[in-house]
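Enquirer: The whole structure should be built from the sequences, with the hints applied where relevant.
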Amino acid sequence: EGFYEEEIGFRQELFYPPIHRAAMLTLKGKHEEFTRVASEHLKRVLEKELRDFDDLKLSGPAPSPLAKAETFYRYQIILRTARMTRLSRCLSGIKDKAELPKDISLIIDIDPVNMF
1 EGFYEEEIGF RQELFYPPIH RAAMLTLKGK HEEFTRVASE HLKRVLEKEL
51 RDFDDLKLSG PAPSPLAKAE TFYRYQIILR TARMTRLSRC LSGIKDKAEL
101 PKDISLIIDI DPVNMF
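So for the sequence shown, our numbering puts the first residue at 1; every next one is plus one.
Read the hints as simulated data drawn from the structure, not as lab findings.
Cross-link-like lysine-lysine pairs, in silico, BS3-like; alpha carbons within 30 Å at most:
#: 1; residue 1: 68; residue 2: 28
#: 2; residue 1: 43; residue 2: 102
#: 3; residue 1: 68; residue 2: 97
Distance ranges between label pairs, derived from CB positions:
#: 4; residue 1: 59; residue 2: 96; range: 21 to 29 Å
#: 5; residue 1: 89; residue 2: 40; range: 18 to 26 Å
#: 6; residue 1: 69; residue 2: 93; range: 26 to 34 Å
#: 7; residue 1: 92; residue 2: 16; range: 21 to 29 Å
#: 8; residue 1: 69; residue 2: 8; range: 31 to 39 Å
#: 9; residue 1: 96; residue 2: 10; range: 33 to 41 Å
#: 10; residue 1: 4; residue 2: 31; range: 40 to 48 Å
#: 11; residue 1: 59; residue 2: 31; range: 22 to 30 Å
#: 12; residue 1: 31; residue 2: 8; range: 40 to 48 Å
We put the CB at the ideal spot given by N, CA and C, even for glycine.
Expert: The structure is reproduced here in structure tokens:
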């Protein structure tokens, strides 16, 4: 019980599941600098498009824990909110609004199982 009480308090304070839900946005590209710049651009778009979310926490962009896989560099942005249905609807069109370069791919993972 002591572990649970400490852990649930920690998760509530940091907006972590199961209190809140998470969406992980991963950008992949063959050139590290282009991928980093695209991730910073995406963050600005997200901040603009999601500015009316009063409980949204945005972390990143940062290199993925597995920053380079095969020939791709990866950067992540993590979003946490209690209103995932609404956030999911907003994220469904974010790829078009962000106008990312064609050689940068965006993967949106709602409630990711792991952060790799």
